[in-house]
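Student: Chains as they are written, first to last, in the numbering used here: chain H, 8 to 420; chain D, 8 to 420.
No lab work stands behind these hints: they were computed from the structure.
Even for Gly, the Cβ is constructed at its ideal location relative to N, Cα and C.
Where hints are given, some of them may not hold.
[As the list claims (entries may be wrong)] Capping the alpha-carbon separation at 35 Å, the derived lysine-lysine pairs in DSBU-like fashion look like this:
id, chain 1, residue 1, chain 2, residue 2
1, D, 120, D, 157
2, D, 363, H, 106
3, D, 79, H, 367
4, D, 157, D, 16
5, H, 114, D, 157
6, D, 114, D, 79
7, H, 413, D, 39
8, D, 142, H, 363
9, D, 39, H, 380
10, D, 16, H, 367
11, D, 367, H, 107
12, H, 120, D, 367
13, D, 120, D, 363
14, D, 363, H, 413
15, H, 269, H, 106
16, D, 39, H, 385
17, H, 367, D, 107
[What the hints assert, rightly or not] Have a look at the derived ranges for each label pair, beta carbon to beta carbon:
id, chain 1, residue 1, chain 2, residue 2, range
18, D, 114, H, 373, 30 to 38 Å
19, H, 16, D, 374, 26 to 34 Å
20, H, 100, D, 223, 40 to 48 Å
There are 2 protein chains.
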Amino acid sequence: MKEVIYPGKEIVNGTVTTPKGFVASGIHTGVKEEGQLDLVILFSEKEAAAAGVFTQNLAMAAPVIISKEMIKNHHLRGIIINSGNANACTGSRGMEDAKKIQEATAKALNIKKDDLALASTGVIGVPLPMDIILKGIPVAVEQLSKEGGKDAAEGIMTTDTINKEIAVEIEVDGKTVTLAGMAKGSGMIHPNMATMLGFITTDADVEAEYLQEILQEVTESTFNMITVDGDTSTNDTVFVLANGMAENMTINASHPDRKLFKMALKQVSEHLAKSIVRDGEGASKFIEAEAVGFPTLQDARIAARTVLSSNLVKTAIFGGDGNWGRMICSLGYSGAPFNMDTIALTLGNGTSETIKVLDKGLPLDYDEAAVEKLFEDKYIRIIIEANNGPASAKGWGCDLTYDYVKINGSYRS
Amino acid sequence: MKEVIYPGKEIVNGTVTTPKGFVASGIHTGVKEEGQLDLVILFSEKEAAAAGVFTQNLAMAAPVIISKEMIKNHHLRGIIINSGNANACTGSRGMEDAKKIQEATAKALNIKKDDLALASTGVIGVPLPMDIILKGIPVAVEQLSKEGGKDAAEGIMTTDTINKEIAVEIEVDGKTVTLAGMAKGSGMIHPNMATMLGFITTDADVEAEYLQEILQEVTESTFNMITVDGDTSTNDTVFVLANGMAENMTINASHPDRKLFKMALKQVSEHLAKSIVRDGEGASKFIEAEAVGFPTLQDARIAARTVLSSNLVKTAIFGGDGNWGRMICSLGYSGAPFNMDTIALTLGNGTSETIKVLDKGLPLDYDEAAVEKLFEDKYIRIIIEANNGPASAKGWGCDLTYDYVKINGSYRS
């Protein structure tokens with residue numbers, strides 16, 4: 008199976024402040040435990056074209072409701088993010104609190120409140136500790152700096168064990184354009200934009216409507232193709248801010264380099280999405296599922312996601328068992344159309360080695376011990392060939408382990 | 008919340024052979040490990056009206072494909088069931104094997120092959136050990152007896168830790184009518200008829216088409232309202248055989264006692280469905296979710312099922328944590344329509360004590376320690392009030408534990 012070659016040159020130690028004109032900060036206010044960073048501001052020196060995709064959960068959190076409104080203006084200067092408390096299921100008080108934070112931060116930044124979006128992540132159903140947060144805001148504003156990217160990436164974490172960042176460079180109109188991103192999320196991760204928090208910055212000049220269009224398209228094949236536990240959260244959001252400071256010609260639907268830019272946006276998104284899965288709560292193995300030869304892209308995506316979401320598949324892989332029966336079983340209830348007589352299944356790992364276990368719906372006479380050996384790796388691949396159409400899709404997930412149960416049997420999120 | 012009072016008088020130690028005219032056997036052939044019963048025949052002395060509901064999994068097993076055909080005739084004499092091997096994903100060879108079993112068993116029973124249905128459960132993708140099974144068939148036929156009900160219930164088990172049986176009596180037209188059932192299933196349990204194997208026998212005289220109609224209706228609110236791990240299996244089936252030996256007047260859509268009979272069928276089905284959940288793989292707690300005040304029955308059912316299926320809710324309950332934020336979050340992505348401003352949530356356990364934690368979408372000032380105490384029980388109740396319509400539904404599930412991961416990380420199913 009050929010891998011996509013992405014165009015962006017990865018920048019060592021790149022952060023969301025690597026693109027021109029972006030500063031950030033991450034401080035500890037006390038919402039989270041001792042010393043942990045929990046309040047983050049991401050800020051652009053110039054007004055940025057802005058795009059966002061939001062959770063489809065009906066129990067949408069207050070900051071999501073507000074940010075959805077803000078993004079309709081297609082431009083932003085910054086975003087304030089707190090971790091440790093989701094401000095979800097907090098009713099009218101939650102809305103008032105979110106508005107107060109927006110106003111206080113906008114004032115401290117000397118911008119209009121409509122130029123500031125919000126995001127929150129953490130425990131559901133507990134009112135925000137407003138005094139602590141309001142005290143923290145001026146501190147976070149004061150600490151905004153070009154070096155603040157790492158603190159920002161750390162400050163948005165909850166049960167995450169590592170921060171998730173990337174920055175890449177491409178050339179557009181002879182100018183160097185940088186795209187960067189940070190994300191959080193290790194549980195409550197499941198498709199339907201509703202996956203996690205993601206913040207992408209770029210100094211590219213991009214038309215806002217076009218930016219929204221390609222963000223949605225890219226999200227479908229990246230953030231929406233990961234699953235950790237099948238739960239779609241109340242708060243998840245991906246933002247892109249494009250401040251134009253690279254001084255390229257505005258990227259729009261007719262710019263000659265639009266595809267290059269979209270690929271770089273996908274590169275950043277896919278990197279962040281995969282990082283989230285790698286850091287899945289209690290995960291010991293990273294799983295890539297590829298669904299090939301389905302009637303529509305939608306079918307291929309649902310096939311890959313359903314196999315990745317099956318607790319039985321996830322526990323089998325945790326146990327190092329190439330139990331393809333469970334994979335076919337989950338495919339069978341996915342809703343993706345296929346014919347048992349044409350289905351094929353191939354297992355693989357992080358090496359180029361693969362073993363085909365099923366062809367034309369029938370088990371092949373493969374070496375079970377070789378599959379066990381293959382599955383000792385931390386990187387597991389499942390390739391489903393439906394031979395039932397032209398569409399293919401990839402998705403990513405992780406195994407279900409004792410540690411997942413441990414983390415979620417005790418952490419209050 | 009008021010409990011339904013069921014009409015049937017439960018018969019102590021009742022089995023599928025308690026209704027008149029039914030015999031059964033369960034023997035060890037060697038498909039399962041040493042000594043475990045793995046081949047079962049259930050047989051009616053007289054031709055029985057027959058109804059069945061089947062998995063909707065596209066990777067349907069060979070015995071399911073054949074049984075779906077047989078049930079179209081609306082009558083059966085018996086069913087042969089093997090455990091330890093699902094005969095699923097076994098292609099044309101699996102179909103041939105299933106047909107051979109059907110023919111050999113019909114011959115040994117001296118009935119037409121079309122009067123015999125089949126069911127299999129166990130590992131997927133491995134051909135049946137036909138020599139062992141074919142040798143076992145005459146033995147199983149020979150051992151058919153009125154006392155064989157318990158062996159039958161044991162012989163259909165896989166990872167089940169207890170056998171699941173019930174028999175109840177009602178009076179129809181002044182005649183004593185008995186209904187009984189046995190079921191297996193402790194993993195791969197999830198709605199969409201596709202839950203488990205269930206076999207219901209009754210000596211009632213019932214019109215076959217009416218029997219099919221009420222079985223489907225009853226299944227929707229019983230077997231289809233349980234979930235263990237969200238996986239819909241390749242083999243699951245519920246059969247009802249009604250042989251008429253109670254000599255009541257034929258129950259049909261205009262019989263005065265039709266509702267009584269339907270309630271008794273529901274009683275048997277609900278008992279079996281709940282038994283499956285209680286024996287859910289690795290389960291330590293039984294969870295009942297009640298969704299009240301949704302626009303449609305469909306909405307209420309999907310709401311209850313989605314909350315019960317959430318890994319985050321399941322692990323929280325394993326941890327004894329009344330984490331209602333996760334319950335509302337899962338409700339939010341269920342697809343059931345509700346308004347955050349009118350939602351209420353109440354937690355309870357096996358006692359009559361309940362604690363309301365959320366009202367009109369807002370957290371109440373309840374005693375967290377009291378909820379923890381409530382959740383120490385093995386029986387957990389979640390009551391969701393949407394205040395958004397007339398429809399209510401109940402569903403049942405279990406927690407997600409270390410043992411679930413252990414069982415499914417090692418058992419090849």
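Student: Now look at each hint and say whether the structure bears it out.
Tutor: Verification of the hints:
no., hint, verdict
1, D:120 x D:157, "holds, 26 Å"
2, D:363 x H:106, "holds, 29 Å"
3, D:79 x H:367, "holds, 29 Å"
4, D:157 x D:16, "holds, 20 Å"
5, H:114 x D:157, "violated, 75 Å"
6, D:114 x D:79, "holds, 21 Å"
7, H:413 x D:39, "holds, 33 Å"
8, D:142 x H:363, "holds, 34 Å"
9, D:39 x H:380, "holds, 26 Å"
10, D:16 x H:367, "violated, 51 Å"
11, D:367 x H:107, "holds, 23 Å"
12, H:120 x D:367, "holds, 29 Å"
13, D:120 x D:363, "violated, 57 Å"
14, D:363 x H:413, "holds, 27 Å"
15, H:269 x H:106, "holds, 33 Å"
16, D:39 x H:385, "holds, 32 Å"
17, H:367 x D:107, "holds, 23 Å"
18, D:114 x H:373: 30 to 38 Å, "holds, 36 Å"
19, H:16 x D:374: 26 to 34 Å, "violated, 57 Å"
20, H:100 x D:223: 40 to 48 Å, "holds, 47 Å"
The structure does not agree with the numbered hints 5, 10, 13 and 19 stated previously, though it agrees with the rest.
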